[in-house]
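Visitor: Take a look at the letters that make up each chain.
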Amino acid sequence: MADPLIELRAVTKRFPGMKALDGVDFQIFPAEIVCLAGENGSGKSTLIKIVSGVYDFDEGDLLIDGKPVADFGPRAAIAAGIQVIYQDFSLFPSLTVAENLALNRLLSEGKAFVDPKRRRQLGAEALARLDVSIDLEATVGTLSTADRQIVAIARALMSDTRLLIMDEPTTALTGREVERLFSIVREIQAKGIAVLFVSHKMREMLEISERITVFRNGLKVEEGPTGEFNEARITRAMTGHDIGHERHVWTGDASKEPRLSVRGLTVGDTVRGVDLDLHRGEIVGLSGLLGSGRTELAMALFGMEPHSGDIRLDGAPLDLESVQDAVAAGIAYVPEDRLSEGLFMRQPIARNVIASAIGRATRGPFLDHERLNALAEQTVSDMRIATPDIEKHAGQLSGGNQQRVVIGRWLLTNPKVLILNGPTVGVDVGSKAEIHRRIRELAASTGLAVLMISDDVPELIQNCNRILLMHRGEIVDQLDAQSVEEDDIHGRLKGLR
Amino acid sequence: MTSVSKLLRRSEAAVLAILIVVMIVIGVINPAFWQADNLFNLLRANVVIGIMALSVLTVMISGGIDVSFPAFAVAAMYLTVIAMNAMGYQGVVLPFIGATVIGLLCGLANAFFIHTFRMIPLIVTLGSASVVRGLLLGLVGTSIINIDRMPPSLIAFGSSTAEIGGSKLSLMIFIYLGIAVLMWLFLTRTMAGRAIFAYGDDAESAKRVGFNTRRTVYLVYGLAGALAGFAGLLHASMIWLANPRDFVGYELDVIAAVVLGGASIFGGRGSVFGTILGVFMLTLIKNSLIIMRIDNTWQGVVVGCVIVIATALTAWRDRKALV
Numbered sequence: 001m002a003d004p005l006i007e008l009r010a011v012t013k014r015f016p017g018m019k020a021l022d023g024v025d026f027q028i029f030p031a032e033i034v035c036l037a038g039e040n041g042s043g044k045s046t047l048i049k050i051v052s053g054v055y056d057f058d059e060g061d062l063l064i065d066g067k068p069v070a071d072f073g074p075r076a077a078i079a080a081g082i083q084v085i086y087q088d089f090s091l092f093p094s095l096t097v098a099e100n101l102a103l104n105r106l107l108s109e110g111k112a113f114v115d116p117k118r119r120r121q122l123g124a125e126a127l128a129r130l131d132v133s134i135d136l137e138a139t140v141g142t143l144s145t146a147d148r149q150i151v152a153i154a155r156a157l158m159s160d161t162r163l164l165i166m167d168e169p170t171t172a173l174t175g176r177e178v179e180r181l182f183s184i185v186r187e188i189q190a191k192g193i194a195v196l197f198v199s200h201k202m203r204e205m206l207e208i209s210e211r212i213t214v215f216r217n218g219l220k221v222e223e224g225p226t227g228e229f230n231e232a233r234i235t236r237a238m239t240g241h242d243i244g245h246e247r248h249v250w251t252g253d254a255s256k257e258p259r260l261s262v263r264g265l266t267v268g269d270t271v272r273g274v275d276l277d278l279h280r281g282e283i284v285g286l287s288g289l290l291g292s293g294r295t296e297l298a299m300a301l302f303g304m305e306p307h308s309g310d311i312r313l314d315g316a317p318l319d320l321e322s323v324q325d326a327v328a329a330g331i332a333y334v335p336e337d338r339l340s341e342g343l344f345m346r347q348p349i350a351r352n353v354i355a356s357a358i359g360r361a362t363r364g365p366f367l368d369h370e371r372l373n374a375l376a377e378q379t380v381s382d383m384r385i386a387t388p389d390i391e392k393h394a395g396q397l398s399g400g401n402q403q404r405v406v407i408g409r410w411l412l413t414n415p416k417v418l419i420l421n422g423p424t425v426g427v428d429v430g431s432k433a434e435i436h437r438r439i440r441e442l443a444a445s446t447g448l449a450v451l452m453i454s455d456d457v458p459e460l461i462q463n464c465n466r467i468l469l470m471h472r473g474e475i476v477d478q479l480d481a482q483s484v485e486e487d488d489i490h491g492r493l494k495g496l497r
Numbered sequence: 001m002t003s004v005s006k007l008l009r010r011s012e013a014a015v016l017a018i019l020i021v022v023m024i025v026i027g028v029i030n031p032a033f034w035q036a037d038n039l040f041n042l043l044r045a046n047v048v049i050g051i052m053a054l055s056v057l058t059v060m061i062s063g064g065i066d067v068s069f070p071a072f073a074v075a076a077m078y079l080t081v082i083a084m085n086a087m088g089y090q091g092v093v094l095p096f097i098g099a100t101v102i103g104l105l106c107g108l109a110n111a112f113f114i115h116t117f118r119m120i121p122l123i124v125t126l127g128s129a130s131v132v133r134g135l136l137l138g139l140v141g142t143s144i145i146n147i148d149r150m151p152p153s154l155i156a157f158g159s160s161t162a163e164i165g166g167s168k169l170s171l172m173i174f175i176y177l178g179i180a181v182l183m184w185l186f187l188t189r190t191m192a193g194r195a196i197f198a199y200g201d202d203a204e205s206a207k208r209v210g211f212n213t214r215r216t217v218y219l220v221y222g223l224a225g226a227l228a229g230f231a232g233l234l235h236a237s238m239i240w241l242a243n244p245r246d247f248v249g250y251e252l253d254v255i256a257a258v259v260l261g262g263a264s265i266f267g268g269r270g271s272v273f274g275t276i277l278g279v280f281m282l283t284l285i286k287n288s289l290i291i292m293r294i295d296n297t298w299q300g301v302v303v304g305c306v307i308v309i310a311t312a313l314t315a316w317r318d319r320k321a322l323v
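If you read the protein sequences in the order shown, they are chains A and B. The first sequence begins at 1 in this note's numbering and counts up by one. The second sequence begins at 1 in this note's numbering and counts up by one.
No wet-lab data here; the hints were simulated from the structure. Certain hints may be false.
Derived DSBU-like pairs (lysine-lysine); straight-line CA-CA distance at most 35 Å [to be verified]:
1. Lys67/A with Lys207/B
2. Lys191/A with Lys286/B
3. Lys49/A with Lys67/A
4. Lys111/A with Lys256/A
5. Lys49/A with Lys286/B
6. Lys201/A with Lys19/A
7. Lys256/A with Lys191/A
8. Lys286/B with Lys117/A
9. Lys256/A with Lys117/A
10. Lys201/A with Lys286/B
11. Lys201/A with Lys117/A
12. Lys207/B with Lys19/A
13. Lys256/A with Lys67/A
14. Lys201/A with Lys494/A
15. Lys207/B with Lys286/B
16. Lys117/A with Lys392/A
17. Lys111/A with Lys207/B
18. Lys286/B with Lys392/A
19. Lys49/A with Lys256/A
20. Lys19/A with Lys392/A
21. Lys49/A with Lys201/A
22. Lys19/A with Lys49/A
23. Lys111/A with Lys191/A
24. Lys392/A with Lys416/A
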């Protein structure tokens, strides 16, 4: 067998107080698609940073093409043909597609002047290599996330790339876009380039990769051909134990007055006359392609989008003109993008938790710090947020814990209806199960009605009693989550084009 | 997208359209507006503000803001004139080089603080402006150098004109246009210029791609200072006096002109052509206010409104483009 393109032998990387990687052996062969799995903090990010030369390691050897390399930095990694596409793509939104593509090459050539014709030509070549067409003169900021990702891939392949590392590449993509990405990845592979994937989505790992490596607590715990894995085995390897997947059973009475009743809800032409009932204790899933109107529906119910139609909570009509109206009525919304819409990253957890229920921690016009801290402590333990203390900044938490902060915050307002938009995007399996458990518990014990918007079909099946599919502003399908199969939903989603 | 609709979407086209409308309206109210004398005067009023605007444009593309250029301009101008008088030097080229170098050094000082301590450009340039103005008045002098003590070589240079159809066109306009063409070439056709756009768009990505961001910061603020110093001395040559308290309030006018020309206050966007149009628009508005005998104090209100409206429009455009 040929030498691996890159090989780590017994590599250990220490950070103060912990071993991020502990004696790890890892290889990637040419034209191979490998998936790295592991929870946050398991060591997979550290591994990527070592392979791309960003981190130095403390023990072990790194070999390129079978030869040990002593001084491996970012430049050496690029010279060896290793390119990383970060989650934020590192593109320039105000520059054109052509310029974004050509910059690296022009820079490495070290010329002082720029020839616009050559820039265009370099850009066109880069896109042609992937067999995609994107307007070269469009500014990158106007492109969709999927197109931006393709530009980032095309740029990474401009140099003599032999290994492409993609960090969570499918997080922001819809089903169809994921398919396009995968077909591009297979084309890249056909050109002899190896691809290293980091993903939280097991279904995708199983679909695209040829080999899966699982990390836990800095150790490589499992490795093998993808064919030998299934979701349960990956989960077990990642978390060290089985995660139960009992479905949510709703025992309420559908003939009673619904908690939330929506009739003829219309938002511009993105949501067109939607009828929706949520009963006490129900968890209703909502899925659909991006642009189906599902986010607009959620925003309208949270008073963020002007809308028409009849909305009733426990039978009483609601006039939701602002977020304040929605909160006052008992509706809570956990947004898609917790970074920009949900969390104050530089504020302590305690303040983040109390932000929506500040009225519960005041004495007259002043803050009652004792009560505030007590409420925050209670939320931290209720939601099992892993933090040494509530004064830590929200930005220092892992994705899963951040999401628990956002959800915990809304639970403090004692909501009657909870709308979750992508509740576990970018959250690892263990955390995910924990969040799901808590939501199901709440629905069952407090009569909370939950609307769960998600692209993650297994998530919907496990947690909801009903699943709605939305397309072009209308609800086109209603499925019983107890009996429906995952592939059935995938099939129906693919049919919505 | 067709090239026509692309052209129309560019903010320069919008500014140009508004400009033409404004000129027609002013022409109707006051037919004297279209006389060559008035138009040439108007162009002449563009020169100094325009060069300063090009310096601010560079800073704004890099994602920063510069309010120190009026102070640097006044320091470069006053020091150069004093030095010329002290040495009895009569010439043009060397003094302009001197003024440019003084501005450059001040600008590099800005860059040093901004880059080394990762400070916010607004705070650094507010501070350096105050320090430079204070030092100038405290150490160098407070008296205005009038026409009788101004170096005759500078006056002669600043008042050189070409006669076109009986009206005199200041040749300084060609210096402004020359600098504008060089800046356009620099910003669009050199890697150093593109580095400024990339840096202003996303500094972290610029670093990852391999730009030398330290060099970019020094280049941006150094260039801004140099242009300010040059513009300062040019201003003195054109008005025949050197006032150490000059250029007060220019920050607002110039930033207004640049924003009016479509540059984004968030960095990454802006063009030389747009800036030239923005400067022309601003001088046109101010000039018309004077012709209409509107009190000086009200001009500030108008400029303030222009800056707010133009910024609101660009912010709206940026948001629309990103959705």
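Visitor: All hints, please: hold or fail.
Guide: Here's how the hints hold up against the structure:
no.: 1; hint: Lys67/A with Lys207/B; in the structure: 30 Å, holds
no.: 2; hint: Lys191/A with Lys286/B; in the structure: 63 Å, violated
no.: 3; hint: Lys49/A with Lys67/A; in the structure: 20 Å, holds
no.: 4; hint: Lys111/A with Lys256/A; in the structure: 74 Å, violated
no.: 5; hint: Lys49/A with Lys286/B; in the structure: 57 Å, violated
no.: 6; hint: Lys201/A with Lys19/A; in the structure: 26 Å, holds
no.: 7; hint: Lys256/A with Lys191/A; in the structure: 61 Å, violated
no.: 8; hint: Lys286/B with Lys117/A; in the structure: 41 Å, violated
no.: 9; hint: Lys256/A with Lys117/A; in the structure: 69 Å, violated
no.: 10; hint: Lys201/A with Lys286/B; in the structure: 61 Å, violated
no.: 11; hint: Lys201/A with Lys117/A; in the structure: 41 Å, violated
no.: 12; hint: Lys207/B with Lys19/A; in the structure: 29 Å, holds
no.: 13; hint: Lys256/A with Lys67/A; in the structure: 72 Å, violated
no.: 14; hint: Lys201/A with Lys494/A; in the structure: 18 Å, holds
no.: 15; hint: Lys207/B with Lys286/B; in the structure: 42 Å, violated
no.: 16; hint: Lys117/A with Lys392/A; in the structure: 52 Å, violated
no.: 17; hint: Lys111/A with Lys207/B; in the structure: 18 Å, holds
no.: 18; hint: Lys286/B with Lys392/A; in the structure: 53 Å, violated
no.: 19; hint: Lys49/A with Lys256/A; in the structure: 56 Å, violated
no.: 20; hint: Lys19/A with Lys392/A; in the structure: 22 Å, holds
no.: 21; hint: Lys49/A with Lys201/A; in the structure: 21 Å, holds
no.: 22; hint: Lys19/A with Lys49/A; in the structure: 15 Å, holds
no.: 23; hint: Lys111/A with Lys191/A; in the structure: 29 Å, holds
no.: 24; hint: Lys392/A with Lys416/A; in the structure: 30 Å, holds
Going down the numbered hints, you'll see the structure goes against 2, 4, 5, 7, 8, 9, 10, 11, 13, 15, 16, 18, 19, while the others check out.
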